[in-house]
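All chains should be built: construct the whole structure from the sequences, respecting the hints.
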Amino acid sequence: MTDLAISVSGLTKRFGEKTVVNNVSLDVRKGEIMGFLGPNGSGKTTTIRLMCGLLEPDSGEGRVLGHDIRTERRAIKRKVGYMTQRFSFYEDLTIAENLSFVAGLYGMSPKRQVVKDTIADLGLTARKDQLAGSLSGGWKQRLALAACIMHKPALLMLDEPTAGVDPKARREFWDEIHALAHGGLTVLVSTHYMDEAERCHRISYISYGDLIAQGTVPEVVQGAALTTYVVTGGDTAQAARLLRGALGVDQVAPFGATLHVVGRDAMALKTSVEVVACQTGCNAELSDTSLEDVFIQLMGAAQDNMQ
Amino acid sequence: MNRFFSLHRLVALLIKEIIQMRRDRVTFAMMLGVPLMQLMLFGFAINIDPKALPAALVSPTQDRYTRAMVTALELTGYYRFIAPNATEDEAEDMISRGEVAFVVTVPSDFGRRIERGDHASILIEADATDPSVASGAISTLSTVANSALLREAGQGHQESNGLEIIVHRRYNPEGITQYNIVPGLLGVILQLTMVMMTAMALTREVERGTMENLLSMPANPLEIMLGKVVPYLIVGAVQVVVVLVSAKLVFNVPFVGSLSLVLAGVFVFVLALVILGYLLSTVSRTQMQAMQLTFFFFLPSLLLSGFMFPYRGMPAWAQVIGEVFPLTHFLRLIRAVMLKGADFSAVAGPFFALVLFAFGLAVLALFRFRKTLD
Ligand SMILES: Nc1ncnc2c1ncn2[C@@H]1O[C@H](COP(=O)(O)OP(=O)(O)OP(=O)(O)O)[C@@H](O)[C@H]1O
Ligand SMILES: [Mg+2]
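Chains as they are written, first to last, in the working numbering: chain A, 946 to 1252; chain B, 7 to 380.
Some clues are possibly wrong.
Claimed, not checked - With a cut-off of at most 25 Å between alpha-carbon atoms, the simulated DMTMM-like pairs for lysine to aspartate or glutamate come out as follows: (1) A:K1097 - A:E1017; (2) A:K963 - B:E213; (3) A:K1056 - B:E23.
Stated by the list, open to error - Far from chain B by the CB rule (all over 12 Å, computed), these chain A residues: (4) G1026; (5) P1112; (6) H1123.
Said to hold, decoys possible - Heads up, incomplete: computed chain A residues facing chain B, CB under 7 Å, no partners named: (7) C997; (8) L999; (9) Y1035; (10) H1146; (11) R1147; (12) Y1153.
Hints are computed from structural coordinates only; laboratory data are not their basis.
Glycine included, C-beta positions come from ideal geometry on N, C-alpha and C.
Here it is in structure tokens:
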């Protein structure tokens, strides 16, 4: 046995003419939380579906929990918990009915007790007979998560599990994921939130089908080799206008009264920023590049490639 | 636990499906309401006893034989001679405009022939566009007319050559009896509701996105199919009971054959329909598509199965097409058993045709089922 929960290589998936996943290779170690990031439509959901055996890859192969993703789908389905991006339990069934359906499919016993405990853990005992469709978005997500971990999977694939969930619930959600990972569960989680990416052990960044960055957060930030200045004081609005399109400047983003200026060419950026700072009476300081800056940069680069 | 089939998974799927079915009030009401409504509409429309149908008499001589016959016919209650002395042209006009349902033509030498004991004949033309209405009246006609004439002529002419009554069922040479319709209706009702409901049930999962979740859990195609098919079989069984009981109690449709043979035929038919619905749902992506496919299938089968038009009256190519519909075989089976009391050997052909449909469709459906989302 290897210590890899997911090991896929060269995964490619086309829908008609369009290559949605292009030669993606991904290794996820056991007990690791892997963040899966990328802009909308970049192929995250498709990649996850390929790995749970819901889609047939056009080429490439791999193993999930030691099972071949092409030939051993049944075994994979039994051991993986997959939480879909869109709520996909039955809205016309109650919370309890949905959970007993899942418990029945996995043949869990004693079924009643398992369902009862799950509902109690969720804190939904009082509302167990409420229709799932009438739950709020955040509660639907929690119900879905509870349903996918009920059968004690060895690997969790979560597709944007916290979209539309409030900050407190999100924090609790991540605490739970960390607790599960600590217990040996492997988690692959797609997200658009930077703070969530930073809570992952490692992240992968996919852009329009291509996996273009992988590693821990510091590794990814470092790999992007960006320089960032924070411009404060003075007329930042005027500074932003002048900096946009200036030599060496790739991104200008206002954050309240401050301005983040990011570029790949450190020398050119320095010159431009200093000149503008002088003109507008602002203060410019070198700063740490954030993960968000890196992602915006990666997205911009991909779009350049597409044109 | 068996890799390919497990009872606990099937039970989970069944419970889920039945709860959903029960909760979807409109659909549930439709499943029982549609058969009842159709049965009442069709059933009562055809069950009106065709009394006092307007008729015209073309009789240039208007002799006593003619009068005796007209009186006897009116006494049956079926006929009402609204034009007792029409010319041939007038009568032709009236029947073509639908003002009369019958034209009785008595030739001018009719009386003389009867008196001489010669061969005599009268012509009855019936508007058979609505054959179920006309046939009851026609069937009483010859006996009534014959005995009336014999009585009238009987005294002096013991050995009459008899009377020949020539009946022309116009506009529709092959009459269908009214009882044909209720058993046929059972087939049509089952076909519409079963195919449509099942076809929508699976596409609903695709449309709502629950299919993705279902497929990511360890349920296999056979279990998923049975989980969908069995609940609708139960609904079908309820419909069958409703229709058969009301056929008996409300419409007095004769039931001369074996009930168990009818039920066996119905079971195989419903099974084939439900699986057909399931098959349609594997090729459609939305409930709308599933519904359209159902109707695409439903209309030709209604026209070509022998429900609307007599099967033997159709051109050969249409009969060949008619064979591909389970309804065609079901109609043969149920009419033969219910109305003619046919035994198994007599309906083995249509019965095994239905079995073949059910089996073939099931194989096709399992083959077509997408285990993945593509
Ligand atoms: N079944 C399908 N048929 C055709 N195209 C598809 C199908 N599924 C996905 N796509 C296309 O593949 C591309 C990638 O989609 P995917 O859902 O994997 O993106 P994503 O990274 O999950 O996006 P998001 O962040 O918005 O969820 C999209 O352009 C989408 O239109
Ligand atoms: Mg997605």
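*Can you list which hints this structure breaks, lowest number first?*
4, 10, 11, 12
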